[in-house]
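Protein sequences, first through last, are from chains H and A.
Residue numbering for the first sequence follows our numbering, starting at 1 and increasing by one per position.
Residue numbering for the second sequence follows our numbering, starting at 1 and increasing by one per position.
These are calculated hints, taken from the structure and not from any lab test.
Note that the structure is a prediction, hence the values are computed from the model and not measured.
We put the beta carbon where it would ideally sit given N, CA and C, even for glycine.
Some chain H residues judged to face chain A by a derived CB distance under 10 Å, without partners named:
#1 L47
#2 M89
#3 T107
Examples of chain A residues lying across from chain H (beta carbon under 7 Å, computed):
#4 G42
#5 P43
#6 Y48
#7 D56
#8 L102
#9 F104
#10 E106
#11 G107
Away from chain A, derived, C-beta distances all over 12 Å, residues of chain H:
#12 S12
#13 T20
#14 N30
#15 T60
#16 N62
#17 R63
#18 N67
#19 F68
#20 A72
#21 D81
#22 V116
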Amino acid sequence: AQTVTQSQPEMSVQEAETVTLSCTYDTSENNYYLFWYKQPPSRQMILVIRQEAYKQQNATENRFSVNFQKAAKSFSLKISDSQLGDTAMYFCAFIFNAGGTSYGKLTFGQGTILTVHP
Amino acid sequence: GAGVSQTPSNKVTEKGKYVELRCDPISGHTALYWYRQSLGQGPEFLIYFQGTGAADDSGLPNDRFFAVRPEGSVSTLKIQRTERGDSAVYLCASSLENTGELFFGEGSRLTVL
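In isolation and in its complexed conformation, chain H is listed as follows (with noise of 0.2 Å):
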């Protein structure tokens, strides 16, 4: 079975300046993505930032990029010039690729509260 644990309950952070957020995760599988998800307190999970594990280069997506370190299973998301719009639960997520189109559920890890201060 495949875990994924936020060691970080919760974060703040200046507006403007950069955070990271810890991910690690366990899996004895070799073909998988990993997710980057926001959810402000309207609710709605909205993707941040997705890694294919075959993948050697970080991915990044404008402010988001996230430090993939495959041996070491740790997943970590960088916000560059933190927004107020930015304050919301981050959860890092896992999903198994079977192969093909087959994939597996997504799991989520526990969250991590950002609060963006001005």
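Chain H is already provided as a structure; the job is to place chain A on it using the hints.
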């Protein structure tokens, strides 16, 4: 609309009652997922449909919970004899089968008194 739609947004019921929660996925998405999220926690997997069939229902906590997707589109999560511990936000998500990327609805908040 273009997104995943869930109804009702909020549901308050009494202990022992029967509840149905509905999910309308993004058109063309073959995979549909149900998750349960308690306050301050990560979503907990319940069940996953590929088309009309349940590909993985290992997350359903007991036989009071049941979900259907008869035509491979809309899904209904059914909870019998509700208990106070069932109170949570129930999230639905859908995906194209070849991406693994899930699109979530806003959830249905269930409160059992």
